[in-house]
Amino acid sequence: MAGTGEQAIQALEDTTKEKKGNYILVVDGSVPTGTNAKYCVMGERDGKPVTMEDRLEELARDALVVLAVGTCAAFGGIPAAAPNPSNAQPVKKVLEDKGINKPLINIPGCPPHPDWFVGTVASILLNGLPKAEELDDDLRPLAFYGKLIHENCPRRAYFDEGKFAKKPGDEGCLYELGCKGPITYADCPLRRWNNGTNWVIGAGSPCLGCTQPEFPILPYYQKLVDVELPVIGAYWTGEKEDK
Amino acid sequence: VGKIVIDPMTRIEGHLKIETVVEDGVVKDARSTGNLFRGIELILKGRDPRDAQVITQRICGVCPQSHGVAAALALDSAFGIGDKIPDNARIMRNLIQGAHVAQDHILHFYHLAALDYVDITDVAKYEGKDSVLNSVKDFIARGELGPFVPRYEGDYRLPPEVNQMATAHYIEALEIRRIGHEMVSIFSGKIPHSVGIVPGGVTAIPTVDMIISFLWKLRRLQDFIDNTYIPDVLAVASAYPDYCEIGVGCQNLLSYGGYDLEGQEPDLTLRKRLFSQGVTSAALKPGKLDISKVTESVTHSWYEDYAGGRHPSQGETRPKHGKDGAYSWVKAPRYDGKVYEVGPLARVAVTYAHGDPPVKNLVDSSLAQLKAPPSVLFSVMGRHLARALCAKLTADNLEKWVLELKPGEPTFAEYIIPEEGVGTGLTEAARGALGHWIEIKEQKIANYQCVVPTTWNASPRDENGNPGPIEQAIIGTKIKDKDNPFEIVRIVRSFDPCLACAIH
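Line by line, the protein sequences give chains G and C.
The first sequence lines up with residues 1 to 243 when you count with our numbering.
The second sequence lines up with residues 1 to 504 when you count with our numbering.
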């Protein structure tokens, strides 16, 4: 946008009035709530700093729907990792604490695929708000997050055969190098990234599990333990399995 | 006496407030405030050292590659394999970082800075057949003015047909940047937050089709840089000649070089690199880089105080909001106790000062087109020009490097994580000198400090009260219209600030 400073803030505030109840609020980033939320300031009002927490509260009240875009906004992400120095919280938690009951859609990913964001916005414009059955338990659109990475991974045959890579660059499944594909819901193997050029496992790297509520899942290179893996060869219905 | 407060600075990454005191139409004082703290350095403590590469990339979605490179170099040295990275991996790191940086410079000029100079509303008067311009015209006709107004009004100097052409280039630049991202993705999986660069090397093995695909896309990028980006920068500089004189700044420049041309020299300050490591100042005389002279102070930053400046290897991050006299989450890095600017200008000027023939020829021929002496580099337009020339120098070398790859050959050196160790990773991010310092104890991260380009440029005052580079560049500037303070935002944006990086 061309505007700077107060002009930009004014544009935000005007929208909440002119399009009351009819605008989509897109939130990027987790909300630092420590030290009276002073860790993140977004512009001023009457010469006083306004925190991100306050802005979120003001802007969410009259929104049609809130989109928490990226894993930080959706689940807390890296800033909320231990010891969570800024007491960063996901959008859902802040809205609940403020008693704001608004439709919320999480579009996680670090970063999220642009198609997931644009596709969700387009779907709202074309079809209205998603029905409950179109989102999973973590409020992610099933259209994009309906299946495990592991389910559609081109290296899946190596997993089934038990052929595992021991170091980067090796042929084989990356499970023993810490791949989080078996517990991560996203359509990366089919959609791929950057105009379909490549994706994480395509570059020989383990999936980081960046669309999951538990991200960051560290140490990155540690093999998953105590995880129930999908039954090899079992028919996958597309619904999230109860653990 | 009046105050001008700009909060937030838009069209940059992150939360930056600029506060100035203006007297008789001249800026007497300026303060730069970084307004978001996450504490990534604290989150790194106690973790597997290899996670540094994953976590530090997430400092910023605009410059992740360079954090990946800095972290990998720091870990390589801490693991004792700094001189054992296979050539294939060294080259692929350069390709991944270089393709990203070249498109990042295009991002800055067109999508962040251009709207300060180009009046996009002139597209409403467009009468031609270009489908892109006609779709922008239709967009304006529907009353969709949000992206274009409100804005500062008055000082737009380009004729309507040039504004229209620049708008077409703005849109074309989006596609060119997408191609730049695809180039990164070929070797690194995805971008932002790509995965290819790791301690020990990279994760992908190059193939012939990756090389050809990269080259094919590179042609488009080079064509745009040579025939659109650089001419556009020169055209804007000619239309705004006073901006070749203002925003001079501290005139001390620092570069870590960047893009390793060999991998045997373990000391990164001595390794042969595309751009020179070193310092220079107004006279453009070459100075050697002594990394022990880098310090950070927190006197005016929201952290627990310590005396004087500290070398990053001994650095600490203990947040304390509301501290007396402090006004920013950005720390204040200094070199040899003095204020230094980093960025493409420093990269080009330090390399120029060291007499590198290709850089000298390119800079001299570009300045000749502006009929300007080298001193013009120290200005708003000088920074834009240096950034465009950096994009060209980087892209042209990508062509050479990608053909040096050996398809199918190894890209990874194995290592053992030591019980204890220290490492330093120095590189040049798009926005300038980037350093990561790690200390390992019991195979875990005991301390991790990042000193990032905008930490230098957007820094507040130090313990001696010296203002940071952006503050210095604004102080003394004449403001023609205090309701439309173009001068301030044009000066600040010429540094291409990235606040998520600066504070981390």
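To be clear, the hints were calculated from the coordinates, so they are not data collected in a lab.
No residue lacks a Cβ here, since even glycine has one placed at the ideal position from N, Cα and C.
Among the hints, a few may not be true.
To be verified - In silico DMTMM-like links for lysine to aspartate or glutamate, alpha-carbon gap of 25 Å or less:
(1) K84(C) x E171(G)
(2) K167(G) x E409(C)
(3) K166(G) x E13(C)
(4) K392(C) x E172(C)
(5) K28(C) x E6(G)
(6) K48(G) x E13(C)
(7) K48(G) x E19(C)
(8) K166(G) x D83(C)
(9) K166(G) x E19(C)
(10) K48(G) x D83(C)
Unchecked claim - Here's a subset of chain G near chain C, in silico, CB distances under 8 Å, partners left out:
(11) A2
(12) L12
(13) V41
(14) P79
(15) S86
(16) G119
(17) A122
(18) N198
(19) G202
(20) P213
(21) P216
(22) L218
As the list claims (entries may be wrong) - Here are the in silico distance ranges between beta carbons for each label pair:
(23) I475(C) x D226(G): 56 to 66 Å
(24) P147(C) x K163(G): 13 to 23 Å
(25) S135(C) x L190(G): 45 to 55 Å
Status of each hint after checking the structure:
Of the pairs offered as hints, the one joining K84(C) and E171(G) holds, with about 22 Å between alpha carbons and a cut-off of 25 Å not exceeded. Pair hint K167(G) plus E409(C) holds up; C-alpha atoms about 15 Å apart against a cutoff of 25 Å. Between K166(G) and E13(C) the alpha-carbon distance is near 39 Å, which puts this suggested pair outside the 25 Å criterion. Taking the CA atoms of K392(C) and E172(C), the gap is near 17 Å; set against the 25 Å cutoff, the hint holds.
With a CA separation close to 22 Å, the supplied pair K28(C) and E6(G) stays within the 25 Å bound. The hinted pair formed by K48(G) and E13(C) meets the criterion: a straight-line CA distance of about 22 Å does not exceed 25 Å. Restraint check for K48(G) and E19(C): satisfied, since their Cα atoms lie roughly 13 Å apart, inside the 25 Å limit. At roughly 23 Å between alpha-carbon atoms, K166(G) and D83(C) fall within 25 Å of each other, so this suggested pair holds.
Between the alpha carbons of K166(G) and E19(C) the distance comes to roughly 54 Å, so the proposed pair goes past 25 Å and is violated. For the hint pairing K48(G) with D83(C), the CA-to-CA distance comes to about 52 Å; that exceeds 25 Å, so the pair is violated. Interface hint status for A2(G): upheld, as the beta-carbon distance to the closest one in chain C is roughly 4 Å, under 8 Å. Using the Cβ-Cβ criterion of 8 Å, the hint placing L12(G) at the interface with chain C is not satisfied: the shortest such distance is roughly 11 Å.
Evaluation of the V41(G) hint against chain C yields a held restraint, the C-beta minimum of about 4 Å falling below 8 Å. At about 4 Å, the closest approach between the beta carbon of P79(G) and any beta carbon in chain C falls short of 8 Å, and the interface hint on this residue holds. Checking S86(G) against chain C by beta carbon gives a least distance of about 6 Å; that is within 8 Å, so the hint holds. For G119(G), the interface hint is violated, the least distance from its beta-carbon to any beta-carbon of chain C being 17 Å, above 8 Å.
Because the smallest distance between the Cβ of A122(G) and any Cβ of chain C comes to about 17 Å, over 8 Å, the interface hint for this residue is violated. Annotation: interface hint on N198(G) holds; nearest CB of chain C at approximately 5 Å, less than 8 Å. Hint on G202(G) holds. Least Cβ distance to chain C is approximately 6 Å, under the 8 Å limit. A hinted interface residue such as P213(G) counts as satisfied when its beta carbon comes closer than 8 Å to some beta carbon of chain C; here the least separation is about 16 Å, so the hint is violated.
Restraint check, P216(G) versus chain C: the minimum CB separation of about 7 Å is within 8 Å; hint holds. Hint status for L218(G) relative to chain C: holds, with the closest Cβ pair at about 5 Å, below 8 Å. Under the hint 56 to 66 Å, the C-beta atoms of I475(C) and D226(G), about 59 Å apart, fit the expected range. Taken as a hint, the range 13 to 23 Å is violated for the pair P147(C) and K163(G), whose Cβ atoms sit roughly 51 Å apart.
For the hinted restraint 45 to 55 Å between S135(C) and L190(G), the CB-CB distance of approximately 30 Å leaves it violated.
Violated hints for the displayed structure, listed by number in ascending order: 3, 9, 10, 12, 16, 17, 20, 24 and 25.
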